[in-house]
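Under this note's numbering, the residue at position 126 of the sequence shown is numbered 126, and the numbers go up by one with no gaps.
Nothing false has been slipped in among the hints.
Listed next, the in silico BS3-like pairs over lysine-lysine satisfying Cα-Cα at most 25 Å (straight line):
no.	residue 1	residue 2
1	40	232
2	161	181
3	244	144
4	161	145
5	144	181
Here are the in silico distance ranges between beta carbons for each label pair:
no.	residue 1	residue 2	range
6	78	40	24 to 32 Å
7	197	250	17 to 25 Å
8	7	201	42 to 50 Å
9	76	52	16 to 24 Å
10	76	228	32 to 40 Å
11	56	251	15 to 23 Å
12	36	236	19 to 27 Å
13	181	251	30 to 38 Å
14	113	251	25 to 33 Å
15	236	14	17 to 25 Å
16	14	40	20 to 28 Å
17	237	113	19 to 27 Å
Quick caveat, the hints were computed from the structure, so don't treat them as lab data. Just so you know, even glycine gets a beta-carbon here, dropped at the ideal spot from N, CA and C.
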Amino acid sequence: MATPLVHRVARTMGRYAPLSLAETSWDNVGTLLEPPKPRKGNRILLTIDLSAPVLAEALADEQVSVILAYHPAIFRGIKRFSLSDHTQRTVLECAAAGIGIYSPHTSLDACEGGINDWLAQGCGSGTVEPITPADNPPEVNRVKKHLRLEHLRLASYTPEKPVHSIAICAGSGASMLGGVKADVYLTGEMSHHEVLAALHSDTSVILCEHSNSERGFLSQVLQPYLQKAFEKEGQEPVDVVVSKVDRDPLCVV
Numbered sequence: 001m002a003t004p005l006v007h008r009v010a011r012t013m014g015r016y017a018p019l020s021l022a023e024t025s026w027d028n029v030g031t032l033l034e035p036p037k038p039r040k041g042n043r044i045l046l047t048i049d050l051s052a053p054v055l056a057e058a059l060a061d062e063q064v065s066v067i068l069a070y071h072p073a074i075f076r077g078i079k080r081f082s083l084s085d086h087t088q089r090t091v092l093e094c095a096a097a098g099i100g101i102y103s104p105h106t107s108l109d110a111c112e113g114g115i116n117d118w119l120a121q122g123c124g125s126g127t128v129e130p131i132t133p134a135d136n137p138p139e140v141n142r143v144k145k146h147l148r149l150e151h152l153r154l155a156s157y158t159p160e161k162p163v164h165s166i167a168i169c170a171g172s173g174a175s176m177l178g179g180v181k182a183d184v185y186l187t188g189e190m191s192h193h194e195v196l197a198a199l200h201s202d203t204s205v206i207l208c209e210h211s212n213s214e215r216g217f218l219s220q221v222l223q224p225y226l227q228k229a230f231e232k233e234g235q236e237p238v239d240v241v242v243s244k245v246d247r248d249p250l251c252v253v
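With the hints as extra help, turn the sequences into a complete structure.
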């Protein structure tokens with residue numbers, strides 16, 4: 001009997017981003033939905049968020065039997081299932097369609113070669129550490145090119161000022177970066193007052209919006225890794241694709 005694809009995903013992701021690395025005191029990671037009657041398709045859809053457009057994309061493609069959503073589709077405890085609630089409706093529709101859901105979230109942040117290491121690659125040369133000493137000042141254009149973005153948000157960034165250290169955190173970085181001494185913070189989002197606190201500590205801030213600091217990792221790193229990993233298994237072929245409709249909910253207009 002063939003191994004359900006969601007089990008193969010969990011096993012393969014467990015080797016790359018062990019769930020033991022996740023912040024399980026508050027995060028919800030791993031296999032979030034194992035459908036009783038899985039779809040027969042062997043396609044995995046990668047996405048940052050399991051939004052309504054991504055769900056529609058998965059339902060329309062009968063080959064998709066697993067959604068690997070970086071952000072957990074189920075985050076807080078669910079006491080009932082109702083179609084009036086977006087999260088609950090999403091889980092119900094996936095279960096009814098036979099689509100499993102897996103989320104790596106903070107395990108993928110913390111693992112070697114994970115999202116934060118990938119984000120650091122956009123900052124220039126240097127040794128990748130929790131705080132990255134850089135040989136040259138980071139170039140905003142390089143970060144924009146790495147993330148494939150036209151715009152970033154900057155606070156008190158001056159190209160003339162030498163940059164010796166950059167603190168990096170994908171997603172929402174204030175809780176991790178607050179109090180860390182660095183010349184620059186690079187993260188997805190921080191609140192107004194969190195940015196002010198950084199500036200008062202003589203730290204510049206580069207913001208690229210929450211999921212924009214994560215999304216490029218899917219196509220540049222995770223998709224090719226998973227495709228090769230499944231090919232090496234010697235089991236039934238698997239097709240790994242990145243969502244075409246997943247995007248940050250905020251845009252510059």
